[in-house]
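If you read the protein sequences in the order shown, they are chains A and B. Going by the working numbering, the residue at position 58 of the first sequence is 40; the numbering climbs one at a time, nothing skipped. Going by the working numbering, the residue at position 278 of the second sequence is 260; the numbering climbs one at a time, nothing skipped.
Any given hint could turn out to be false.
Given that identical chains are not distinguished, each listed pair holds provided it fits within a single copy or across any two copies.
Result set (DMTMM-like, lysine to aspartate or glutamate): computed pairs, CA atoms no more than 20 Å apart in a straight line [said to hold, decoys possible]:
# : residue 1 : residue 2
1 : K75       : E221
2 : K63       : E50
3 : K200      : E233
4 : K200      : E167
Keep in mind the hints are simulated off the structure, nothing from the lab. Computed from a predicted model, the values in this text were never measured in an experiment.
Protein chains: 2
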Amino acid sequence: MSSVTIAVDAMGGDHGPRVTVPAALQVLGRDPDVHIILVGGRADIEEQLRGHRDFGRIAVRHASEVVEMHEPPAAAMRNKKDSSMRVAVDLVKDGHAAACVSAGNTGALMAISRFVLKMLPNIERPAIATILPTIKGHTHVLDLGANVDCTATHLLQFAMMGAMLVSAVENKPAPTVGLLNIGEEAIKGNEVVKKAGELLRASPLNFYGNVEGDDIYKGTTDVVVCDGFVGNVALKTSEGLAQMIATFLREEFKRSWRTRLMGLLASPVLRSFKRRVDHRRYNGASLLGLRGIVIKSHGAADPFAFECAIGRAVEEVRSGVLSRITEQVAFGLEGAA
Amino acid sequence: MSSVTIAVDAMGGDHGPRVTVPAALQVLGRDPDVHIILVGGRADIEEQLRGHRDFGRIAVRHASEVVEMHEPPAAAMRNKKDSSMRVAVDLVKDGHAAACVSAGNTGALMAISRFVLKMLPNIERPAIATILPTIKGHTHVLDLGANVDCTATHLLQFAMMGAMLVSAVENKPAPTVGLLNIGEEAIKGNEVVKKAGELLRASPLNFYGNVEGDDIYKGTTDVVVCDGFVGNVALKTSEGLAQMIATFLREEFKRSWRTRLMGLLASPVLRSFKRRVDHRRYNGASLLGLRGIVIKSHGAADPFAFECAIGRAVEEVRSGVLSRITEQVAFGLEGAA
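With the sequences and hints as input, model every part of the structure.
Here is the structure:
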């Protein structure tokens, strides 16, 4: 494997260095070709590094400021030029890192990334793509909240970027693309989605057609495209439902000493079930459409989840996602429009 | 309890009279004040009634046609004047039934209901409302697919109708209303949702503010309002996720004879868990905004699920939902606009 350097915003997320540093060390431990630059308050980071094995592939880059989780993105971008988030993105821009990872404020990360890295030519809006588990394996869904008022052309661009992502990372020559809608028939949906369906049918993509919400988890297509409002609602609704089901299952097993005993007896199965639906494995959303690789981790990520997000960054660098998307948007969209 | 007559489209849904007739008999068996008119092919219905107890509160009204599940709504409305669905709605219009229930084609049921029953004054669009389980109990979500391109005023009207529904059925004087959005802050969301937030804040409703997808299952508010595209995606995504989780749980317990044994030992808990997340109990969506009560059952409903949908119709009649909404839209919306 070729060597890869990842810049990690060590201060981002609900837990900062207490999560990001152990996660980085885990990645270094299992992948001898990864180098990590931890960006943030040097003292905070070094406190977390103390006593751990020195892999020699870790560097600390001090940054004096932190973007707060609810800070307005424009303010974070304008006023905090030395934030850990900004410096991590700068490291990508300057070629010191091949990708960066942050668990911080999504809006700020998007704004800073657009400003510092700039957009790819022919892409009007960046999109956020994530992986979700399905009955068959997994699928890639975008956009997840970067864009709330989309045109049909934006959806086409998202589809193109999503397809190139899957094509690179999973080595699939022609991934299937589904358009999230409220019925299978082409006449269904709102005006933007109907028009997007026309553009997708005329495009060189392997367009499956409309898919419905349940197709996400059925794994009907490799890529599911929607606007950021719909994608965000679908994702958050899923989080809420999964939490409710987990709560109910736990409560039922805790009802009495008899049910607790049953839970104990069934615990090997319950554990492997839990592993299977563990959303932490899917942590790490890709900010697509930028001239660089930026991965957004869930703010509440624990070390294992954040480790998965760094892993996603490494995977995207190695598979050449960026050059794949860049080539495609330079040539492919003209054929599609 | 006062006596209530419900018209049931016996032919609708994937299974027709084999599901609708046993469901109707169950309702009659447990509620001595309900009368049911089964509408559809007399021979088919009577075949299902044969051998069952005669409650004396059931009537069969022959209808010679059936609306197919994928028939275009306009065609079903124009060409099938003697469909079981149309006749069931006609019975409400003519005062022979206080409500009707159908598991048939949603679009056709909506089109026929609008045409036959007409809309309430001051309501521009009908909406579909359903109940979803939450960690705390349950919540009402609308719209679920009747309207794909909504204005802020439509969302306000849905909120009003949803609040009146809850206020009547659950006897809550001021149910809380949440606006489904992609963040809590008022500046979040697309243009329509931001404007709807302003209208809701100025309205006499008990407006909680923006809610996110996970708030649906957290039970943050009594009512969650969204446009039909978003609502439909949220509902279908939930169906898909619940199915995936159920499949994974089943698979883990079926992996070997040891895991099967564990499943057997834990089966009392697994059964009560299953009962708790049983979506059939929430079957029966309300078509709101019409001058009559129309309940849409899931097309794939089994007898228990369809029984719940008929139960929902009875509940709405008894609680006076229709007069509550009618009064409110006559007076309340002016105060709100």
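Against the structure, the hints come out as follows:
1. K75 / E221: Close neither inside one copy (33 Å) nor across copies (42 Å); limit 20 Å.
2. K63 / E50: Answer is within; shortest intra-copy Cα gap is 14 Å, inter-copy 62 Å.
3. K200 / E233: Between copies only: 15 Å across chains, 28 Å inside a chain, cut-off 20 Å.
4. K200 / E167: Within one copy only: 18 Å inside, 33 Å across.
Checked against the numbered hints given earlier, the structure breaks only hint 1 and satisfies all the rest.
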